[in-house]
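Protein chains in written order, with the working numbering: chain A, 1 to 187; chain B, 1 to 187; chain C, 1 to 447; chain D, 1 to 447.
Careful, some of the hints might be misleading.
DSSO-like, lysine-lysine: derived pairs with alpha carbons at most 27 Å apart [what the hints assert, rightly or not]:
(1) B:Lys153 x C:Lys6
(2) A:Lys153 x D:Lys6
(3) C:Lys355 x D:Lys195
(4) D:Lys118 x D:Lys6
(5) D:Lys118 x C:Lys6
Only part of the chain B face toward chain C is listed, based on derived beta-carbon distances under 8 Å [claimed, not checked]:
(6) Ile118
(7) Ile148
(8) Ala151
(9) Met152
(10) Asn173
(11) Pro176
(12) Glu178
(13) Tyr179
(14) Gly180
Hint data in this document are derived by calculation from the structure and do not stem from the laboratory.
Backbone N, C-alpha and C fix where the C-beta goes; we use that ideal spot for every residue, glycine too.
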Amino acid sequence: MSEQTASAPAAEEGPKNEGNRRRKHQRRHSHEASLNMDELRELAELVNEHGFTDFEFENKNIRVRLSKATTPAYVAAPQPMAVQAAPAAPAAPAAPSAETATPAASEDEGLHIITSPIVGTFYRAPGPDKDPYVSEGSKVSPETVVCIVEAMKLMNEIQAETSGEVVKIFVENGQPVEYGQPLFGIK
Amino acid sequence: MSEQTASAPAAEEGPKNEGNRRRKHQRRHSHEASLNMDELRELAELVNEHGFTDFEFENKNIRVRLSKATTPAYVAAPQPMAVQAAPAAPAAPAAPSAETATPAASEDEGLHIITSPIVGTFYRAPGPDKDPYVSEGSKVSPETVVCIVEAMKLMNEIQAETSGEVVKIFVENGQPVEYGQPLFGIK
Amino acid sequence: MRDIRKILIANRGEIACRIIWTCKEMGIKTVAVHSEADREALHVKFADEAVCVGGNPSAESYLNIPAIISAAEITNVDAIHPGYGFLAESATFATICEDCNIKFIGPRADVIAMMGDKVEARRTMQAAGVPILPGSPDPIESTEEAAQLAREIGFPVIIKAAAGGGGRGMRIVRQESELHGSLETAQSEALAAFKNGAVYIERYLERPRHIEIQVLADEYENVIHLGERECSIQRRHQKLIEEAPSPAIDAETRRRMGEVAVKACKEIGYSSAGTFEFLLDEDGSFYFMEMNTRIQVEHPVTEMVTLADIVRNQIRIAAGEELYYSQDDVQIVGHSIECRINAEDPVKFTPSPGKITAFNIPGGPGVRVDTAAYPGYTVPPYYDSMIAKLIVHARTRELAIARMQRALDMMVVEGIKTTIPLHRKIMADERFRSGNFSTKFMEEFDA
Amino acid sequence: MRDIRKILIANRGEIACRIIWTCKEMGIKTVAVHSEADREALHVKFADEAVCVGGNPSAESYLNIPAIISAAEITNVDAIHPGYGFLAESATFATICEDCNIKFIGPRADVIAMMGDKVEARRTMQAAGVPILPGSPDPIESTEEAAQLAREIGFPVIIKAAAGGGGRGMRIVRQESELHGSLETAQSEALAAFKNGAVYIERYLERPRHIEIQVLADEYENVIHLGERECSIQRRHQKLIEEAPSPAIDAETRRRMGEVAVKACKEIGYSSAGTFEFLLDEDGSFYFMEMNTRIQVEHPVTEMVTLADIVRNQIRIAAGEELYYSQDDVQIVGHSIECRINAEDPVKFTPSPGKITAFNIPGGPGVRVDTAAYPGYTVPPYYDSMIAKLIVHARTRELAIARMQRALDMMVVEGIKTTIPLHRKIMADERFRSGNFSTKFMEEFDA
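Just chain A, same shape as in the assembly:
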């Protein structure tokens, strides 16, 4: 039954993304005069109902464009990973990274993301009994050490390389991280 399971994420993705886009368009156009929200909603539903992926509307007062991303490559690509993700080892770094590698744009938009420059194990403090280098709310400057990533028995201190306030910590202490994995969100 796993091919059904495997298709599920792909199937969900379409409507969800479309929802995001629809909201964005509503926000952008709701104050304008000649089409009201109800009409726009109806329009979007109409376009969607018929399976259209692109809609543009424009007159001297207004221009509307709706589009739905089609990803034929993704659909056509084999996706056995979803099948295996469930029974795979729970401590696998792949699973968390798949979720955290691309933080939801809505939440984390505008944040500066500090990513891991190396593969290893993430530590928030210089030692087991020590305080964390930074916590949510900490102010950082480019030289501030924000964490350690241990690789091959070496403790690599990671610097912020930006200034701002720590508003998000993506990884828990002691967790494995891969190259490019988001560690902190800085505002």
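Starting from the known structure of chain A, fit chains B, C and D onto it as the hints suggest.
What follows is chains B, C and D alone, placed relative to chain A:
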């Protein structure tokens, strides 16, 4: 190099068809001044019903564009036939039928098409020295015999099954025809 | 020697593609025939020419003999390959081909006709020294005759349609009191299904295996066999999984079954590829069931373990060539398993036609896929539900099962339901893995 | 015995997938590593876990030893399979794996180091009784020394980089007057390419074949060979087409070459799969070129004709198991050919990365495809251009060529250019079909 060859027809098809469709719709709707929701709904249904994937509308007040994702299936499907069509036997019925089975909609729209009900060899006359049953310009009634399709040594007389004037003959005398292949256009 | 330069394939789906592959390898041109629904089918795309022979129902297209013969004539082919199903075992079609001077790739029409009649086939095989189940030599006429016979044979007995197959017109009778009702039901089912109400009666085996022997025979009485296939994993007489060799057959049994089949072929003047289906009882004795006078769905497992190309052999034999290897050249190497991937609900077995949105074929060592499907292909509702055959080959049965599990994991079919999950379950099943099972496997597996 | 339950695959592309397939069949968990560009790659999707180890250039990811070792540590694997290329013949990497208590799936680090040094390898092989081309035992220091040696050996001679491969630092010298210039060029090329300017000199064969012997050796001095591969179809020392067996090798030559390779493995204490590359001269004599201490790209042709799973053998040997078959169990059955399908212009050989818009893999009898590509996959510009290996198996070489032609016709790759048209041309070439060719084939074919 044949994979390049094979892809060429598919690549050409898209833009050409789209062009046809766009022209047709411009003709149909260019007199309209504006669009309300009912009209948009009607429009979407109309476009969808006809299986179109792209629609644009624009005048001095308004511009509307609808499009639907074309099936990636066709792109992904193997198409070695184009590769082999060239070196294949020239008398092959497959090649002509591929062209004539779906007469270009623009030319033959409105014509009633008499198709071959059986596989066989098409003859326009009852014998080698005889006159053709019908020619372009002939008037036919439902019982008029329009040709013979020979199958398994049997001469099968094909009747018009409609009334009108023969305006097009799709197949040459003595050519093989397959099931459903257009033989005559009647107006 | 007949010159075969162009072959019309009177079939569709994977077997039409399979035949085209071998024709290409032999430098023979191919003509595909197709219904309207199959215009975009792969066998149409891969053939050198294609002819639409009729509407979507099989009766209008793939079973439409005049249309197919006409297509053969207008494309000027030398021979017709019927594949399996459709017209493959139609003596009428084979006769018409002969009359039209088109070589039918298969045995002579009279041999097809004889093997198509179960009672006649049984009698012929018995005369040829093939062991058959104790039973009625002729169709049963009355309940009295049936009762008399059943007492001689010993219960349980089975009533079978003389013309049939696929379980229709078939009844198991475990005691004399059930005999009358079962006989009537079987006769009326047989009449409805095959337009022939004749039935016969024979001993019923409780836990037999379905074992079949692949033979190759040319027109010069050279006959060899390519060993056996294990086909006991069936659901309502539809095979689901086949293997070669059988885990229940040793070299000596293989030799004995093979010799019986080879001798029978010589007796009846058989030529072309063919299959003897046997029931193997728990005590090691085996009994003739029927002969299939065509290529089988499951022929690839034999090809994997022998490296023979059975379709190539069919074509060469049809061209009047002699077999180009002898029994001593036939070596069984390793173990092969085939899973039939059907467009069906894997639990309820209801058909699931529709568009295949994603399709990934497994590759790598020891994996073969025979299919006519592709990403974007729409499985039409008119025909057989089999969309692919997944075949593996490895040194041992245990390794072949592991390979099949890996291949099933890599095979992705989305948009329709398939039997892939069922095959995964069977491959993981202890009884299947033990090799110790009978044709009752699926009944007990379902339960 | 080491317990290997989880393997990290320090590679990408088809070979990473190939290793995952066997791991799945063995019930071993897998960890893929990948660069940022390979996030959507098939080896990432099919592995149980995946770790991004760095940026797109190989040096930052697939050659990044600290990152790969860290990935192995955080995923807690028992062993690392290096595939081919990248770190597969890095003695440093093998040593670090040993130090970190991770089993490197391959021979010992000191054996890798020895075989990586051409002069050292040559000396060792000569001592082990392996025939080598007459030439310099040590790196050449001066033109005088070279001239003296060349006179003894007889012209033409070839100058080769001691550390090298792939044709860099290589010069053919047909007369003494050219010697000085060629020596200097070769030395500076070798220095630039391998940071080691040492070169040696040996007899040059005008029309040799490239023949290699596949060996399997466990840690207990059990060594067998799986016969030879014919790899003469090369372009600028890049193999394009490989076969097993070679049309130029008879059973006696196979036995002699195999025995030499097996004896050498025992002498040097080799364990794991390995390949002895030989040049076969027109007179039937053969000379050691180099030993590859890893799985080869072309290993499938050997798997097809022997039914051995070479990756499975590597893993079992790494786990400390004994070889589970002997030389007598090795049978060469039929003929196998592999075509490397590269994302390259088939005439100019310029790389053609990009998105694959249509991708159809051939199936049917005797066809194997090893690939990491799929419809919609984008071939990145950072790595090797090989996107698939098309492998066929049939009873004879002639049938295998016909099968390869059919498979090439069925293989559809759109959106990028590939070497498929080149392979079609070679398969149709009379000289190729005759089997009578040398490593010069492609030079003459291009002309």
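Need the status of pair D:Lys118, D:Lys6: alpha-carbon distance at most 27 Å? 34 Å, violated
Has the given pair, D:Lys118 with C:Lys6, been kept, meaning a C-alpha gap of at most 27 Å? The given pair, whose Cα atoms are some 56 Å apart, is violated under the 27 Å limit.
Interface hint outcome for B:Met152 [beta carbon to chain C under 8 Å]: Cβ of B:Met152 sits 5 Å from chain C, so the hint holds.
Can you verify the interface hint for B:Gly180: is its Cβ closer than 8 Å to any Cβ in chain C? 6 Å, holds
Interface hint for B:Tyr179, Cβ within 8 Å of any Cβ on chain C: Check passed: Cβ of B:Tyr179 comes within 5 Å of chain C, closer than 8 Å.
Please work out if C:Lys355 and D:Lys195 have their alpha carbons no farther apart than 27 Å. Since the Cα atoms of C:Lys355 and D:Lys195 sit roughly 57 Å apart, the hinted pair is violated (cutoff 27 Å).
Given hint B:Ile148 near chain C, where the shortest CB pair must fall under 8 Å: 13 Å, violated
Min Cβ distance, B:Ile118 to chain C: is it shorter than 8 Å? For B:Ile118, the interface hint holds, since the closest Cβ of chain C sits about 6 Å away, which is under 8 Å.
Mind checking the CB of B:Glu178 against every CB in chain C and telling me if the closest is under 8 Å? OK, holds: B:Glu178 within 8 Å of chain C, min 4 Å.
Hold the hint about B:Pro176 up to the distance rule: shortest CB distance to chain C must be less than 8 Å. 4 Å, holds
Below or equal to 27 Å on CA atoms is what counts here, so check B:Lys153 against C:Lys6. Distance of about 21 Å is within 27 Å: holds.
Are the Cα atoms of A:Lys153 and D:Lys6 separated by 27 Å or less? 21 Å, holds
Going through the hint list in order, the structure does not satisfy hints 3, 4, 5, 7, 10.
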